[in-house]
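Using the hints, position chains U and W against chain A.
Protein chains in written order, with the working numbering: chain A, 1 to 443; chain U, 1001 to 1328; chain W, 2001 to 2146.
I should point out that these hints are in silico values taken from the structure, not numbers from a laboratory. No residue lacks a Cβ here, since even glycine has one placed at the ideal position from N, Cα and C. Hints may contain errors.
As the list claims (entries may be wrong) - Listed below are the simulated DSS-like cross-link pairs for lysine-lysine, each with C-alpha atoms no more than 25 Å apart in a straight line:
hint, chain 1, residue 1, chain 2, residue 2
1, A, Lys101, U, Lys1002
2, A, Lys100, U, Lys1002
3, A, Lys13, U, Lys1002
What the hints assert, rightly or not - Simulated coverage check for chain W against chain A, where a stretch passes if three residues somewhere in it have a Cβ under 8 Å from a Cβ of chain A:
hint, region
4, 2051-2064
5, 2078-2088
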Amino acid sequence: MTKIELTRSPFIKTALKSRYPQLTVFIVMLVGYIFAILAGLVGTPVGSHNFSIVFVWIAWWAILILVAVPFFGRGWCAVCPIPLPGEWLQRGAVLAPPEKKPKWLNRRWPRAFRNIWLQNISFLLLALFSSVLLTTPNITGIVLAAMLFAAIGLSIVFERRSFCRYLCPVGGFIGLYSQTAPLELRIKDKKVCAACEGKPCYNGSAEGYGCPWDVFPGGLTKNSYCGLCMECIRTCPFDNIAVNARPFSADLARPSARMDESFKAFIMLGSAMIYAGVLLGPWGTLKDAAYNVGTSSWFMYATAFLSIIFLVMPSFFALCMTRFENLNIFKKRFATLSTALIPLGLMFWVAFSLSFVLTNASYILASLSDPLGLGWNLFGTADAAWQPMLTSILAPGQTLALVGGLIWSGRTAQKAAKEAAVSAIPIIMYCFIVTLAMLWLLI
Amino acid sequence: MKRSELLARILILAGILLAVGAPLIFWTRTPLIHARMADTGGWNPDVLQAEVGKPLHLSFTSDDVVHGFAVGQLDMEAVDIEPGKVTDVTLTFDKPGTYTFYCTRWCGVNHWRMRGTIEVSGSAVDSGTTPTIPLYVTLGIDIDAPHEAPAIPENRPYAVRGQQLAASLDISKFSSPDFYRANSPYQVFEALASTDLPDFEKWDVVAYLWQSNTTADALTNGRELYAQNCAVCHGESGGGDGVFADDLAAAGEASMQSMNSSMDMAMQTPADFTDGKRMLGASPALLEGKILRGGMGTGMPMWGSIFTEAQIQDLIAYIYSFQFEYQK
Amino acid sequence: MRSFLFLLLLATAGLVVAFAPLPVPAVAPRERSFRIDAQQFAYSPSELAVNPGDTVTIQLVSTDVVHGLYIDGYDLAVEADPGQTATLTFTADKQGSFRFRCNVTCGAMHPFMIGKLTVGTNDWLVRSIGFAVIAVLGVLTLVKRN
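Bound-form chain A, shown alone (with noise of 0.2 Å):
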């Protein structure tokens, strides 16, 4: 399987690379994005009958990990609200580029930080405390208020979309696992780009900003930091960049060593797997530990989170790993064959989320209607009762995810592994015993 040039259809190509019908999206994610906080913070604290909770947690969530990730890629973040503000603020404009810039401070992100550490921190973050972030309006509402103003503030001191390449914890996990999906936007002639004088798909023009994702398009060769923005398809003055349909998890061919994104890998894995444990298992005392934050008990659960996630499943991993020269040999084995676990992570949070996403899409129904439970009925449907749906299809649907994530862990641990030399058997194992623990959590 060969790729599809998807710019190639005019009218494809057209749609990308006019500026209307982005931000006509644009307009309706950020309305309904500052709706979802206003919702959390006035409507009604019941979680299950407000905006915030309801399209956040439930419809977003569910459209974003089974159809925008593994279809699209980082596909979300062409479309995601939370930097619009503070970039039109930065750009001076909120279409072409205007004929006086502002002055802002326009600093580079720090060296240190160029990685996807804190992105790995602030989802960690967020997942500790995720029993009361789902279920609590205000709380929702406070969050998605916090990522708003924090990438305004970046935007203004930094250069770029800092929030959403260094700090966004969506976007750590959505980066990681867009390796495998099936779209990419890359250049077409390598020679073109040798020879480009300037580099406006960098540095901006009069056409378009240079990559807000501080990505030079001319060396893209993986999805994980290409934010799909289309700035490059404006600025290209050869029309040399491209937006290809192409076989699943292609990048996962050139399996990249970097230790940040690999405990990346780790922290979805393990998370997923406590999710399930604990959010949808039979386990009483397990939620109370989780949702009642700052008590004792919250602490060792806390603990034995951070632990399963940085201590034990990263060490058996390590077991794996039958031979090696050095450290260094070590740290880039590991790194290189954790991307096994790239699809594995990908399909457990799929299996994991049809469960709750199911059980609970009645609500959107009714939230629809009624979306700070004022007592509205806007669209007749208010009065929708809460009634899972599709549970026939449910565990089947979560065998075919896990399975299918184990046999795509497995092929990818097997080129991985044939790169490095080793062989693919511990690691298959380990894909193989996770697997067989999330089956049993989940069905």
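Using the frame of chain A, we list chains U and W on its own:
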């Protein structure tokens, strides 16, 4: 700037204003009465104003669990208040005064404390009735004093047998409602000494006298009231072992550790209605007193402003049925 | 050619795992009765096991606020106020593992108030493990061939 840029900026600002303004405006303009578990605030607001004859429109929502709403002494049908949803109620009052509204679905051990008042002003259509003084006050009964019956039946007394026995006895003075209300079963048992019946038959007659002072409908009503209001603490089978019994006992012990007062008026295990010694020594007037006034710190709620007199009598009749076997 | 045969073998194994009837222990159905206490936000007991065909009675006792109990897969529900035990009786004719959950909003963690009912063996889990084993064998063998 270009026109497209200006237009875009206007659209964006309009959208943001809508997103911020709509929730704020609608939230402040929708007067809702919020229901919360008593520990986290109860009713908010908890004092309402109304006028005689003018319909009072109320909108309720629950902020946490299932609650209910009813106004005391009006024998009104309760409405449920569900979390995140709005329930509308319209009330019209005939008489001025202070009414108590209360939660009707158990929402924690302090559910009964979840009450508020409606102050109704205006003049009454007819002259108001003076409030009646409870019988236990008139009779001078100390409802906090122990009331153990010195003797109790060995087996459960049967009202049916008592009815048959009573046919051949002159007990007219015992069967009047006034007599029933002012005397405990044990006192009536003692008063039956003039008859030459064996003890267990005397108890059967007492059971019959008790049953004759109520009706099947009243017992059914009493059972329902008991299930909805009392069973939580006193147990579904009356044994003082309801779901909150342990919490009350624990609260009492905890408070006992910090003060030296007697255990009588501290939180304690709810009364066991299957305990013959306790129940057969209590007159309906005493039980009425307990229900009306509550337990003064023992955890027993005061229901005076909630139940009508008829409801209380029905409840009392049902409570005695834990001791007596009534004809079905 | 050999790859094709091997894939065929895998597919057959997969079908067997998916559809072969699992041995069902011959246990006569009986009447089972459970008292489940419901509090914010857990059931006690939270895990029930019965045999296929059993007549199951669940007595739901709410110990703090109004709770419900809804059984996934069976689509049956019951609701209990504190002080008023509610009863649900049904025949466990569907085999497998079913979560039961609270269907009356009872506070913040209500969506995660979950228990598990297992009727007979959790055969879908057994089959899923079978699929996982086949998947691993397939992956391991295919690499050897390539």
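Here is what the structure says about each hint:
1. Lys101(A) - Lys1002(U): The given pair, whose Cα atoms are some 15 Å apart, holds under the 25 Å limit.
2. Lys100(A) - Lys1002(U): 13 Å, holds
3. Lys13(A) - Lys1002(U): OK: Lys13(A) and Lys1002(U) at ~24 Å, within 25 Å.
4. 2051-2064: Not satisfied, violated; 0 residues make the cut.
5. 2078-2088: violated (count 0)
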